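Novice: Chain by chain, the residues:
Protein chains: 2
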Amino acid sequence: MVVKINENYLKLKSSYLFVEVARREAEFQKNNPDADVIKMGIGDVTKPLAPSVIKAFKGAVDEMGKADTFRGYGPEQGYDFLAEEIIKNDFEPFGVSLDTDEVFISDGAKCDTGNIQEIFDLGNKIAVTDPVYTVYVDTNVMAGRTGEMKDDGMYEGLTYLKCNAENGFVPELPKEDVDIIYLCYPNNPTGTTLTYDQLKVFVDYAIEHKAIILFDAAYECFIREDDVPHTIYEIEGAKNVAIEFRSFSKMAGFTGTRCAYTVVPKELIGYDSEGNEVQLNQLWNRRQTTKFNGVSYPVQVAAAAVYSDEGKKEIKETIDYYMENAKVIKSSLEELGLEVYGGVNSPYIWVKTPNNMDSWAFFDLLLNEANVVGTPGSGFGPSGEGYLRLTAFNTLENTKEAMDRISKLNF
Amino acid sequence: MVVKINENYLKLKSSYLFVEVARREAEFQKNNPDADVIKMGIGDVTKPLAPSVIKAFKGAVDEMGKADTFRGYGPEQGYDFLAEEIIKNDFEPFGVSLDTDEVFISDGAKCDTGNIQEIFDLGNKIAVTDPVYTVYVDTNVMAGRTGEMKDDGMYEGLTYLKCNAENGFVPELPKEDVDIIYLCYPNNPTGTTLTYDQLKVFVDYAIEHKAIILFDAAYECFIREDDVPHTIYEIEGAKNVAIEFRSFSKMAGFTGTRCAYTVVPKELIGYDSEGNEVQLNQLWNRRQTTKFNGVSYPVQVAAAAVYSDEGKKEIKETIDYYMENAKVIKSSLEELGLEVYGGVNSPYIWVKTPNNMDSWAFFDLLLNEANVVGTPGSGFGPSGEGYLRLTAFNTLENTKEAMDRISKLNF
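Top line first, the protein sequences correspond to chains A and B.
Per this note's numbering, the very first residue in the first sequence carries number 3; after that it's consecutive.
Per this note's numbering, the very first residue in the second sequence carries number 3; after that it's consecutive.
There's no promise every hint is true.
Note that identical chains are pooled: a pair holds if it fits in a single copy or bridges any two copies.
Stated by the list, open to error - Mimicking DMTMM-like on lysine to aspartate or glutamate, the simulated pairs with C-alpha atoms at most 20 Å apart in a straight line are:
id : residue 1 : residue 2
1  : K6        : E178
2  : K318      : D101
3  : K164      : E227
4  : K212      : E236
5  : K15       : E86
6  : K212      : E9
7  : K152      : E403
8  : K354      : E399
9  : K6        : E236
10 : K127      : D199
11 : K68       : E316
12 : K57       : E236
13 : K410      : E371
14 : K13       : D274
15 : K6        : E210
16 : K202      : E269
17 : K68       : D322
18 : K13       : E276
19 : K68       : E399
20 : K41       : D70
By construction, these hints were calculated from the structure, which means they are not laboratory data.
Predicted model only: the values in this text are computed from it and were never measured.
Could you build all of it, start to finish, from the sequences and the hints given here?
Specialist: Encoded structure:
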């Protein structure tokens, strides 16, 4: 006997997308040392933490330095003081009530969307959208729920729901029965959304098929339009079929500070092989208490400050700033006659390449001729081919300059 | 089709140990409202973070509040500035050199020791010590590497290596071939250690059997004796067969602040089903970059301050304080004629119950007659029966008072 590795890892293709983007950018910069390259591929926030968040954060650090206020191990599920603010601010205004033990504070939506599959059987059939946030796919590959990657870039055994201009980026229901559906709205990478009615179609499917929706709402804070649900639990029956993932990353600039949460309603049921019902809340609780040890206490205090009156005001200003950038990008590109999606309820703008260029050709054109870096859509899945993602996380000045440069190109 | 749960979770027994301890304690307190109960079962630190750690922590929070020093997503593996301090301070003094990409910063040794099994095949044979830190066992149960729990409290398919007074708490090598061995030294819960020569026996076994040692050294900072290795890499050949887990939790009071690290040397090799070699460093890197998003930046800065001259001095004082408590407990109980283990290189004291009482009977005796709360050894595994764990994390005053009360008991 010798120690054997988890061979499913060998099915993963190296995540070449951002590596290749960086390589081409570096090569261009080397050959054009004076070029002022504007990065519009950034999927990370750029504005600092809000003053009221900083204040609370430092206050909690001070508590950790004094014997009478020091905190050791906290609950793995997070502190109630934060869960209560989350429920009061993120759910109750939308008519959704939750108990604190249905909210699991964590260190990231990436971690949670990656780990959640552990509580499900390896035999479940999985559906993802195409294009897709690759963590959903890769974590299922690593767990062994797929075969090899095929030549078309899709893994054997996974169901892909196409999202493109032809269907208005609204995925059709899976044609074969599936047990678990990953949905991300507002969507990364396309920036598009589902309306109540469009999301209800999926909730109804899940109810009918006793399936589960894993709903990633990490970009909820950017929603501006009335008919876009802020939480899947606004849809009737969703508490019986959906787990929702939320994050402070984009909402409050916590990408380097790390705090997120996952909602697992107690109504949510899975089945064992004999058809007995099992509460998913209990399983996720067991997973988290066994393999996780809670979020840093000062970080949880900082996250709670996001919900203070002052915090809300400050955070709204930052989000408005990003969304102004998104508006500039969208309107500028539309004026050029380009087909543009997203950017209304999302910091992501998904541009159809002109003249049926492929994603990388358009990427190279923008880099070489406008010195603007985007992200090729094909990197997010086969249906992303022919698109490019731009993001609103740069400064307004750079964003305007980038649009100005692009407007001078001949497509 | 319906969504199916991971049925391995149903094999887990509810972790009743600390729940039952709390229940008995609460009941006693209710019936004896005036009793001054002293908690010696605490597995958590009680002293606040060191002043230099607080200062660095707050400085980094300030950085997050300013546009020019704000940090978004960091490397999932952690920042080099921390990895460099770790290597310089925790390994080089013991003659062990490492590259920064062999050190993976994380939010907890519990998380890492729980997650590490994901990179290994489900068919590997696993060995754990008995008694054991239950995370090693439970995470393998959840992954499906075991059968059901048997009446003796052991899971089918796992190999248990007994540690008790008869073998001086030095586990024998597994009688059947195993692929992965979990070792925790200084040990939780027994507080005992392995010498160089004793640990070398395991390293040699792993080399010979192409097995892997998962070495949990979360309590390294308490080592006082010269012949106890501070890192498994002090043993020749260990870089080829061992992953080491370390933590700032007990070392610097980070149980509520969350920072740890795991060392995966590049020499470390696993095998695919065709016998090809695969670098485990690459697999863990893939696991962490896909399912984890790095530790909070201010927390990493705080952890790095542990290695400053001032930080080292402050932290040593706290550790010395705990170890003075350990000394008091050990010498007091020995004076009473009890058999006592641990407490020399560890904050844990493992007491043989007098007169062959079982663990819970001794627990009840101490609670009812001395108003002192310990942790029944049987909760850590069958070989823990007949032992009780006391910890050094209380105040010196309470520790002395507890020993005084116990000395008045008649066993």
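Novice: Which numbered hints are broken by the structure, listed smallest first?
Specialist: The structure conflicts with hints 2, 3, 5, 7, 8, 9, 10 and 12, although it agrees with all the remaining ones.
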